[in-house]
Amino acid sequence: MTVAHVHPQQPAGVSTETYATVAVGRTASTGAAGGRRRRVRRDWSGWWFVGPFMLVFGLVFVAPLVYAMYLSFFRETLMGGNSFVGLENYAQALVDPKFWEAMGRVSIFLLVQVPIMLGLALFAALALDSARLRWVPFYRLSIFLPYAVPGVVAVMIWGYMYGSQFGLVADLNRFFGVELPSPLSENLILLSIGNIVTWEFVGYNMLIFFSALKAVPQELYEAAEIDGAGTFRTIFSIKLPSIRGALVIATIFSVIGSFQLFNEPSILQTIAPNSITTYFTPNLYAFNLSFAGSQFNYAAAIAIVSGVITMVVAYLVQLAGEKKEKA
Amino acid sequence: MSAVDTGARSGHAPSRLASGKVAPTPPKRAKATPRHKRASITLGILMTLMLLYCLVPLWWLVVNSTKAMDSLYNSFAFWFSGEFSLFQNIVDTFTYQDGIFLRWLGNTLVYVVIGAGGATLLATLAGYGLAKYNFPGRKWVFAIILGAMAIPGSALAVPQFLLFSGLGLTNTPWSVIIPSMVSAFGLYLVWVYAREAIPDELLEAARLDGAGEIRIFFVIALRQLAPALITVLMFTVVATWNNYFLPLIMLSDSAWYPLPVGLAQWSAQSSAIGGQAIPNLVITGSLLTVIPISAAFLYLQRYWQSGLTAGSVK
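Residue numbers (the numbering used here), protein chains in the order written: chain A, 1 to 327; chain B, 1 to 314.
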């Protein structure tokens, strides 16, 4: 029982994050409601409702998963045909420098981009909640709007703006008569991708935090005010502890999103082919192995290993969140 | 032990997002009277900077979709310049390559209506079933769904392709629609919501009156589930409209592409050596892709908001 509860099957990072929002909204009521549940009589009629979902779920979720495991134990031989190789694909993956380079890259991305994005989102949520800002709905909707923009379009807009032909960088160069380093160069590409992902999801995470803040009981603030707590004291002593659940879940989903990074590098690759390798992220590597290299078996093993690593990291984040709570 | 419990133990329901109805701490009580203080100028400035960050790229998109090809290259990128070519660009976008853009738009609509609609329907049925029925295998259903959720989607994409390929479904609309029809999160939302929003007494009363189970669902339960249903619909619509990875893998014939995959192909063609550069069409096409989904999004989120604070069942 881990983050499992709410993690969707959608492959792209975008969708993954999609699913967090409401999940967060639901978290608290799960536990609270559990005790009062009353069971109706036990018979088969529930299957009328659950059956259709389970049927499709089995086809797009369970079967491919089982199939992936099966595939990862085989290898195409030179003679043609498959042969059982046991854990050989896994052994190969564990010493594959390309795979680890990709893993290292998404880890750096995770350590830099996620804190910045969540920090900005938290700041915005606290600002919206502070009662010291006017036109709150306007800010809230505008900052949330990029979330509805298709990831592909977001990457293309930023890709053009990064470009030296008709974008922000081009204009800056022209205006100041300088030659700025290209955001699409090898050194800066990860930063540029981080900026795109931040743009796409900062509003979404803001909304998670904002909704959590909305649910903090008013009495807590009143009590704090009587005790003479200032703005920052209230934030650190009441607001942040109260929304810990939302913070943990947003972090977990950002972790998963980072490890699954695919859309952004994959689309930027066409305009920055020299900066983005075929094994830029684990997901991109698995994709290219299967569709460019036809190494389906090895790709399955790569996907499973990166999946397991993602789960472990997500679980660690969760443990860290719980530990703090107890302390 | 779970993320969910973590939320529960902290004792505060971030309930705005889903539904005020079922949350132990109804948002209504949380902040019935807004604590208005003097507006902070610093905060206003910082938030406006953030707002600009979020809106400037969209502004760029709007401005540049009004430019003809030569002004695209030779003018300040964040203001209008040259002839106002928006309508010409739109016409060109819809007529390029025998009007394939229109085809992509149609595909996307079909995928959204059937995929997101189907996902919402299946999730609602299943969530309700799990919440209100005790049936043999119920625990297994939970275990399987929760267990499979823990696997990142990337581990599944390739096997999904291979499996669908084996079934002869790749490169057909079904390869995009069927996977879109599973929203485990949607099921989770509806399940939690239905537990509280639909009193068992109501169902029992209907049964005593002789109503069948299916009829009870459509006549009684569905109405109670409306706020949860709209929330699920909003997220599945956005996810399906914006879906890129799955159709990219599944489809090889561009006639079946949805808009995001089609646009990416145009964009790639533009930057390929020797390819025809059509950035004006990519930009205008992007704008045309963004507008409907933003409109739908803003429209649905309104309901979503009001659904949350609507009257309580209890």
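Keep in mind that the hints are not guaranteed to be accurate.
[Claimed, not checked] Pairwise CB distance ranges, derived in the manner of DEER restraints: (1) 219(B) - 134(A): 42 to 50 Å; (2) 199(B) - 66(A): 26 to 34 Å; (3) 209(B) - 319(A): 48 to 56 Å; (4) 212(B) - 62(A): 25 to 33 Å; (5) 86(A) - 46(B): 34 to 42 Å; (6) 186(A) - 76(B): 24 to 32 Å; (7) 62(B) - 42(A): 40 to 48 Å; (8) 69(B) - 186(A): 28 to 36 Å; (9) 87(B) - 134(A): 34 to 42 Å.
[Unchecked claim] Facing chain A, a subset of chain B residues (Cβ under 10 Å, in silico): (10) 251; (11) 254; (12) 255; (13) 276.
Hints were generated in silico from the structure; no laboratory data involved.
Computed from a predicted model, the values in this text were never measured in an experiment.
Positions of the beta carbon are idealized from the N, C-alpha and C atoms, including for glycine.
### Query
Is 42 to 50 Å a correct range for the gap between the Cβ atoms of residue 219(B) and residue 134(A)?
Because 46 Å falls inside the window, the suggested range holds.
### Task
So, residue 251(B) near chain A? Judge it on the closest CB pair being under 10 Å.
violated, 12 Å
### Query
Does the nearest C-beta of chain A fall within a distance shorter than 10 Å of the C-beta of residue 276(B)?
violated, 14 Å
#### Entry: Pairwise beta carbon distance, residue 212(B) to residue 62(A), judged against the given window 25 to 33 Å
holds, 30 Å
### Query
That 28 to 36 Å hint for residue 69(B) and residue 186(A) (C-beta), does it hold up?
holds, 30 Å
### Query
Is the interface hint for residue 255(B) satisfied, with its Cβ closer than 10 Å to some Cβ of chain A?
violated, 18 Å
### Task
Go ahead and decide if the range 24 to 32 Å is satisfied by the Cβ distance of residue 186(A) to residue 76(B).
holds, 29 Å
### Hint check for residue 319(A) and residue 209(B) - Cβ pair distance inside 48 to 56 Å
holds, 51 Å
### Task
Can you let me know if the beta-carbon spacing of residue 86(A) and residue 46(B) is within 34 to 42 Å?
violated, 57 Å
### Query
So the hint says 40 to 48 Å: do the beta-carbon atoms of residue 62(B) and residue 42(A) match that?
Once the Cβ atoms are compared, 58 Å apart, the range 40 to 48 Å for residue 42(A) and residue 62(B) is violated.
### Query
Given a hinted range of 26 to 34 Å, is it respected by the beta-carbon distance of residue 199(B) and residue 66(A)?
Given range 26 to 34 Å: violated, Cβ gap about 40 Å.
### 34 to 42 Å as the expected CB spacing between residue 134(A) and residue 87(B), which holds or is violated
For residue 134(A) against residue 87(B), whose Cβ atoms are near 37 Å apart, the range 34 to 42 Å holds.
When each numbered hint is compared with the structure, violations occur for hints 2, 5, 7, 10, 11, 12, 13.
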